[in-house]
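Chains as they are written, first to last, in this note's numbering: chain A, 261 to 1136; chain B, 720 to 837.
Where hints are given, some of them may not hold.
Said to hold, decoys possible - Below, simulated DSS-like cross-link-like pairs (lysine-lysine); rule was C-alpha separation at most 27 Å, straight line:
| id | chain 1 | residue 1 | chain 2 | residue 2 |
| --- | --- | --- | --- | --- |
| 1 | A | K798 | A | K562 |
| 2 | A | K268 | B | K788 |
| 3 | B | K807 | A | K268 |
| 4 | A | K879 | A | K506 |
| 5 | B | K807 | B | K788 |
| 6 | B | K755 | B | K800 |
| 7 | B | K820 | A | K268 |
| 8 | B | K788 | B | K810 |
Hints are computed from structural coordinates only; laboratory data are not their basis.
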Amino acid sequence: MRWWQIRKRDADVERELQSDLELEEEEQREHGMPPEEARHAALRSFGNRTLISEQTRAVWSWNGLESLLRDLRISVRTLFRSPGFSIIAVLVMALCIGATTSLFTVVRSVLLGPLPFRDPDQLVMVYEHFRDPSANAQQFNYNPVAPADYYDWRTQTHGFEDMAAWRYWQFALTGERGELPELVSARAGTWNLFPLLGVNAVIGRTFTESEDRPDGSAVMLTWNLFARRFGGDPSIVGRQIHLDGKPYTVVGVLPKWFTYPDAKVQAWVPYASGLPPEILRHHDYHFSRVVARLRPDVSLAKALSQVEAVQNGLHLQNRNAPVAEDVVPRTLSDDLAQNVKKPLTVLLCAVGCMLLIGCLNVANLLVARSAARQREIAIRSALGARKMTLIREQLVESLLVSLAGGVTGALLSLAATDWLVRTWTNLPSARSIHADGTVLAFACVLVFATALLAGLLPAISSTGRGTIAALQASSRSAAGSQSRTALRKTLLTVEIATTVVLLIAAGLLLKSFWRLRTTDVGCATDNVLTMDYSLPAKKYDSPEKMNAFNETLLEQVRAMPGVRAAALGSIVPGAGAGEDDIFAIPEHPPIAPGTPLPDALYRTADPGYFSALHVPLLKGRFFTSQDRAGRPKTVIISRLLAQQYFPGENPVGKHLHVVPYGNADYEIVGVVADTLYQVGQPARATMYFPVLNGDNGMGLTLAVRGATDPLSFSVPIQKKIAGLDPELPVSDVLTMQQIIERSLGNASLSASLVLGFAVLSLILASVGLYGVLSYLTTQRTGEIGVRMTLGAQSEEILRLMLGDGLRPALYGLTIGLVASIWAVRVIQSMLYGTGPLDPAIFASVAASMLVVAALACLVPAWRASRIDPMQALRTE
Amino acid sequence: MAKHTRQRANVLQGTLDMLILRTLLYGPAHGHEIGKHIQRTTNDFLQMQHGSLYPALHRLERRGWVTSKWGMAPDRNREFKYYRLTEKGRKQLVVEESQWKQMAEAVGRIMWPAAEES
């Protein structure tokens, strides 16, 4: 049966019934009945003809669609009749569905989607793991791997199909034809990394084993660099480019989608390339990430136990060095998402709560409407409308609202996802984040689920009662819809409880963010501009050359107008942990074998570093220009190092024995105050070496403190640097404030997003509260009129109505507070400087909730107390 | 309706299709005839509700067990919608008949166990 036959079929049924009815009538007449009576008898014996023809037509399946079309028509008309309700409901739904879809898109790509590698489930990262509890407290439980450890793992175990390693690197890419120099974020990966991941070069090839040597000079370009810097010209493969002044041969170009481990990587070199051979033999230089591929026939535990055995052996051979006892795995997927998993989960929960509140609110609005339409519904069911038809009609209505909201929301979510990906800087980008079929399907499911939730509650409640009761009730609205009011109050309670949980979570996250933001990192942060540069070892091959550049630059910068002070060092406070090294104290008895040597953060500083950054001197002296290469070796330690390793003695004059830079004793000449290497992390013991030692020109940070806005120095200083060495790229030109904000960026983002959701929920809940009470007031107009006629004062009415509205708010508040005690555990690990059960947050949320609830109730309650009894009684 | 003093029953759920198919075995008939036939054959014991009859007829037609055609009644000068049993309908009738037999026997065994023994 086709749809165009519907009409024909209808006519056919009508004709059939008509002919049979007439036959019946004829037969009755033939029995001798008078014509009029015969007709009535025939009709009687036939029964409800309309119903029969409807049921007969219902046999043909298109009837379902027909009635759906009819429901749709009715719903559209009803929605258009009250545009205010419709617009609010659609907007609420659009916001909720849009936000949920956006977060789902991100979560799906980041946490759930498969990585674009061959059999990605078989890939695991393997880290070293220290058993020392203090190491675990300092988040060393996933420790990068030392090169020699990696080589031993790979050659001595056979549980994994293969193991590959990569490490961070960066190069100054200098121009071939006078282009500007550029600092390029790069990675150095073992030759087997790409085969292990199952990634091929789109042009050229990946590395060979023979290239993975300290003197190897092959380079692979990522698509970004290839397209951007080399104009996408395939003939670049086979040609040479200059990295840090050294020629490298381009052997291949990586595919466009390959953004592992992050999208900022521009180039790959072989793992061993450019490393001094002796570093590759170290078991305690932890700078590599190891990716392993599971063999299909060997379990992870078994493969890992082999690696663990090797690692434990290495630990026992190097008792005094920081060589881990254990190894610990993490799936590649988790590894990429580690920093965002928690915030994403919390945000998804928050947005889920908001969606729930949105649904409840629309349900609430629908209940109110169905209450207003109870008479209509009662009459219709008295006339034979089936319960299912009425429920279906309401569902179609909420479906329409959800659908309109869903479409708007999906469009919103496209924009929101885009914004989120751009704003959320540390989202792993190995998988591209975009909406696709699955997301669309998710949005559709969401639309139908919300429609069902928002529509079913009021639909069932409005059709559940007996027809007679409804008809009677509608004649005396004063005694009317008790059960419906109860339902609305329940919905409201749930809404308020959920809002309270959201508000408390948002409050805690905001407080932590505020605490982080106002943390004193221990140095000057106002009007300080920083920029990074690296002196390539090939060009600056002696301490004298480095010092010449650095000292000239400092001198020129300090002479610039407006510059108060300038500092040069390996890193500034707040910019990250950087390198750390182990040390021994020659004046102290040797450390018992088997105990690891203490370690401290490694920093370099020029003579003016501490005074320029306002790091106070506690003992001894700062560096002078005499603390340089060829002079007695000196070091300055932080307060914490002195306190931890020189308790009760004066460290000045004692020595630190440090292995990496010349394996020498350094005399402690001063103690400075602690600074934080990262906001939100506890301070660590730190040792400062003179930058003028000139033993490392890599990764220097120039910090300039000015009188006013320091960004204005940015271009003049870069010009000075270019004047000294036109091939030297400058990177990360940032103010200290920006450095600190960058490390907090995502804390502030998730805090403000959760707050946004919470505030929206609060608005929704208060609108709900207002709606319920207004409805209640209208419902009880007659009753209030009677009360006032009998002498009730308007204050009493006010109190009565306020109490009525505030009761669900109070219940919701209590439930919400109790639920929060449990819910805040989820975000405990995201908090800083505040306990999860912060009484101030709980109290202020409770107070603001009460205020908002009271305000929402006050207007309708006030209106109720101002009712003119005569008018009220007349409206009956 | 007071002249009917006997007890009457509505057609048992699920058997209506079978009864209609069986009735059509005699030849094509229109709805009214089918209803009347069932009612008359059972001495008015089975009451045909129009509300069940017409949906049932259309259901059978939709399943392809009967076909319908408008045709002139031989004794009256007017057209009726005549239903005719199809080949598929005949097979269905056999199936339903045997099912009904099994059902009746099974019920009988429980209700009158003594009769079974004798």
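| Violations among the numbered hints, reported as their numbers in ascending order | Violated hints (numbers, rising): 1, 4, 7; every other hint is consistent with the structure.
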